[in-house]
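S.K.: Protein chains in written order, with the working numbering: chain C, -4 to 488; chain P, -4 to 488.
It should be emphasised that the hints constitute simulated quantities derived from the structure, not laboratory data. Not one of these hints is a red herring.
Distance condition first, Cα-Cα at most 25 Å in a straight line; then the derived DSS-like pairs of lysine-lysine:
(1) K93/C with K30/C
(2) K442/P with K262/P
(3) K72/C with K351/P
(4) K467/P with K415/P
(5) K467/P with K426/P
(6) K349/C with K72/P
(7) K351/C with K72/P
(8) K426/C with K467/C
(9) K154/P with K186/P
(10) K437/P with K251/P
(11) K349/P with K72/C
(12) K415/P with K437/P
Derived coverage of chain C by chain P (criterion: at least 3 residues anywhere in the stretch with Cβ under 8 Å from a Cβ of chain P; other residues may be distant):
(13) 77 to 83
(14) 87 to 96
(15) 106 to 119
Backbone N, C-alpha and C define an ideal beta-carbon position, used for all residues, glycine too.
There are 2 protein chains.
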Amino acid sequence: MFESAEIGHVIDKASYKAEEAALREALLDVQYELKQRADFPVLILIHGMDGAGRGETLNQINEWLDPRLIHTAAFDKPNDDVRERPWMWRYWRELPQKGRIGMFFGSYYSDAMFARVDGGSRDTYDKQLFDILRLERMLANDGVLVLKFWLHLTRETQKKRFKALEKDPATAWRVHDVDWQHHEQYERIRKCAEHMMRLTNTAYSPWLVVNGEDANYRSLTVGRALLSALKQRLEMDHNWQPRSDVAPITPPLDNKLLLESLPLDQKLSKSDYQQQLEALQGRLNKLTRHARFGEHSLVLVFEGNDAAGKGGAIRRITQALDARRYRVVPIAAPSDEERAQPWLWRFWRQVPGKGKITIFDRSWYGRVLVERVEGFASTADWMRGYYEINDFEHQLHDNGAIVLKFWLAISPDEQLARFKLREETGFKRFKITEEDWRNRDKWDDYKLAVCNMIDRTSTTAVPWTLVPANNKYYARIKVLTTMCEALEARLGN
Amino acid sequence: MFESAEIGHVIDKASYKAEEAALREALLDVQYELKQRADFPVLILIHGMDGAGRGETLNQINEWLDPRLIHTAAFDKPNDDVRERPWMWRYWRELPQKGRIGMFFGSYYSDAMFARVDGGSRDTYDKQLFDILRLERMLANDGVLVLKFWLHLTRETQKKRFKALEKDPATAWRVHDVDWQHHEQYERIRKCAEHMMRLTNTAYSPWLVVNGEDANYRSLTVGRALLSALKQRLEMDHNWQPRSDVAPITPPLDNKLLLESLPLDQKLSKSDYQQQLEALQGRLNKLTRHARFGEHSLVLVFEGNDAAGKGGAIRRITQALDARRYRVVPIAAPSDEERAQPWLWRFWRQVPGKGKITIFDRSWYGRVLVERVEGFASTADWMRGYYEINDFEHQLHDNGAIVLKFWLAISPDEQLARFKLREETGFKRFKITEEDWRNRDKWDDYKLAVCNMIDRTSTTAVPWTLVPANNKYYARIKVLTTMCEALEARLGN
Chain C
-4 MFESAEIGHV
6 IDKASYKAEE
16 AALREALLDV
26 QYELKQRADF
36 PVLILIHGMD
46 GAGRGETLNQ
56 INEWLDPRLI
66 HTAAFDKPND
76 DVRERPWMWR
86 YWRELPQKGR
96 IGMFFGSYYS
106 DAMFARVDGG
116 SRDTYDKQLF
126 DILRLERMLA
136 NDGVLVLKFW
146 LHLTRETQKK
156 RFKALEKDPA
166 TAWRVHDVDW
176 QHHEQYERIR
186 KCAEHMMRLT
196 NTAYSPWLVV
206 NGEDANYRSL
216 TVGRALLSAL
226 KQRLEMDHNW
236 QPRSDVAPIT
246 PPLDNKLLLE
256 SLPLDQKLSK
266 SDYQQQLEAL
276 QGRLNKLTRH
286 ARFGEHSLVL
296 VFEGNDAAGK
306 GGAIRRITQA
316 LDARRYRVVP
326 IAAPSDEERA
336 QPWLWRFWRQ
346 VPGKGKITIF
356 DRSWYGRVLV
366 ERVEGFASTA
376 DWMRGYYEIN
386 DFEHQLHDNG
396 AIVLKFWLAI
406 SPDEQLARFK
416 LREETGFKRF
426 KITEEDWRNR
436 DKWDDYKLAV
446 CNMIDRTSTT
456 AVPWTLVPAN
466 NKYYARIKVL
476 TTMCEALEAR
486 LGN
Chain P
-4 MFESAEIGHV
6 IDKASYKAEE
16 AALREALLDV
26 QYELKQRADF
36 PVLILIHGMD
46 GAGRGETLNQ
56 INEWLDPRLI
66 HTAAFDKPND
76 DVRERPWMWR
86 YWRELPQKGR
96 IGMFFGSYYS
106 DAMFARVDGG
116 SRDTYDKQLF
126 DILRLERMLA
136 NDGVLVLKFW
146 LHLTRETQKK
156 RFKALEKDPA
166 TAWRVHDVDW
176 QHHEQYERIR
186 KCAEHMMRLT
196 NTAYSPWLVV
206 NGEDANYRSL
216 TVGRALLSAL
226 KQRLEMDHNW
236 QPRSDVAPIT
246 PPLDNKLLLE
256 SLPLDQKLSK
266 SDYQQQLEAL
276 QGRLNKLTRH
286 ARFGEHSLVL
296 VFEGNDAAGK
306 GGAIRRITQA
316 LDARRYRVVP
326 IAAPSDEERA
336 QPWLWRFWRQ
346 VPGKGKITIF
356 DRSWYGRVLV
366 ERVEGFASTA
376 DWMRGYYEIN
386 DFEHQLHDNG
396 AIVLKFWLAI
406 SPDEQLARFK
416 LREETGFKRF
426 KITEEDWRNR
436 DKWDDYKLAV
446 CNMIDRTSTT
456 AVPWTLVPAN
466 NKYYARIKVL
476 TTMCEALEAR
486 LGN
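Bound conformation, chain C alone (with noise of 0.2 Å):
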């Protein structure tokens, strides 16, 4: 959920300043033209890590926009006229009128994640959640627009910060025992903010993730998505009616993409490989007959660039497991008896049992890679295919399956080199076609297509690793490593 923006965005001063002063113009602009018609307020939630700058974030809009028209609420411990009432009473009070905007430091969201954090229960959790939702949507059938906020900062990042912060006498006073305690719980927090932002992202009221690192960076995503969201919404008519599908992408602001973070060309001898591959593959072996992965099952999901070696990785994962327990599903064009049915419809029926393993060669993220690139699906179609993604990977997580998903990375360079040695090798030639070729001219597309799908599918709990694959040696031990840890954490010892 948070990948791209834990690989660090920055915007240098001068492009910021360049920036600024349009901005600033546009939004007053909006903001007034807002004012006018006073036909829909907005509502803008700031949350995040703490230190990644929400309140600066807060400060930046009522320093950009005219603050007589900003309505700022920040929620801290609920006082007695709070505790007496339901839950949402105090965020009703607060509520921005028809033309204004307003602006919650903290908000319903904060009271269920730390109640989570603390230590309430996953299903009263989901409850409150599901109590968020009906409230948003009740507030954008009633032309509410609410845009979510979360500034993000690595743990490192974080610890830095507060570090700095210290030093200085002058800002010191900036860091709070409760900072340390949450730097303590990072990871409880991000898994549960992880939780809470996939189970409440809809195209009525979207959450955007912002990498809170960098002031400049993060300032100008906040102000150019709000100029955006608010300029959308004045386009449109008075009729307005809130879309049922999920929010819409943007790429980050200085075009950073996270796969290209990723170091693709690693080393590993062929001698290493095969002492190496030996012992995983024993490894493993003893993984899936380990007494405790009865009560569990496996599900692998392997993606990549064409020739990026996704068999070869299968099949030594494969020889080192026992052939009653496991299945290897080919995900291709569906058939006619799947296009008859939801499209989720031909993953579930391959759903393993406890103490199996199933491995997709391809799989259901076709919904967002190939059938967004290609236009085979709509906008909407792949676009709500990230929610339905996630709710679907949950429930198998929730029910006990350990579930791996990798994404095999070569370069243009590398891919080129595969596919005319598979033109030239008889027996591979079956492996080339017209689409590979076809393929390669969308490079770009299929890059952002798969940045987005990892932001928006990869979890703690159902997480994504990327495998730089210009070495196939390389690759197939970082699966298997991956696959061996992964087991080891979950089954104990």
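Please build the complex by placing chain P on the supplied structure of chain C, with the hints as guidance.
M.R.: What follows is chain P alone, placed relative to chain C:
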């Protein structure tokens, strides 16, 4: 939720026969069109009280339609295959394909509801209903038309039905231990079903409550609903999108309305009234000073025909209350400030704190009464009002509020007499306006709106009380008695 389905509806044999042939033919026609076009599947879920005719309904549909194009699945205790996989897996497996009709006898709703009936937590129940909503939204987005029937019986009718079946040796086998067990749990099942339907009634997969007492009424109602839903959907083009509002309302087949079953003329002499009034006021006063009243609050809603005596009833209550504890909120047209907010905002701001009493003289129900009848709100807007009102009131209830809603009902003749009296009496002349006369012309529209309102918003936790009010004395005593009993039930001794 079940009010209209509990007054008993009957269709005589001749009327049934007269309609059956045409209905069957029409159903077959739409079934073949569905098959021809094969662009969406239909899923029918059959639920309800034991003995209300679930099996018979399933058989009836199979008899009326072409059973070769119907896929029926009954879900009982899960076997090993099912238990090893996620909850929803077995339902995915049995989905009908495009062009076909699937019928589920029991479904994911039974799993969730009986887990709650058997003592599962409220949070787990809500979480499961959220899971179901996500599934059904996904199915709707993929084009599946989901129709959900709840066949209903009162507890008494259920008992009678079981006894009759047991008496006849030919049918005694139909009654099982589990039926009597569910009969014992009737009230709990009714309450859990109500909660489930309240949270999962959507425009794209609506619930329909059908009185199951009379086979003719039940079959024709289900058949007609099926026909109209299929026709409506077949008329839409292929770009059909699920709407985000709630399910439409149809009047009962026999046009027998709930309000008409209410005996409006009740007797109570002035002297009896005065005696009872004094006792009730004393009892009420004591209850509001009860030690545990401070953990609760009291929200009273008064609605009714014009001149039904709302004001008079409210005064008899406030006479018994400490002025520091209560507030009477008369609801008229919203102010400018209120109009600039989501519609429920003006009621949220009136939510009382603990130990306090708020009396609404008219209320949020204007949304589904005057705004519906006069066309001030769009159909989609007042329709979603039921869902939103339920959500609002149950948040109050869950927070400890005792919410009581009174509908004061008088006959048209009684109203006319009161209007005339008001015109003749100087100090009452302000109480009668042109608008009152205009509303009178729409008597029937209001009557239907009131019945729908009660069916959609009366729940065990937040019930409506229908008050026959042709006799003012009787009405006031009925209101005070209901209040005292509700307070006693909630506060204990």
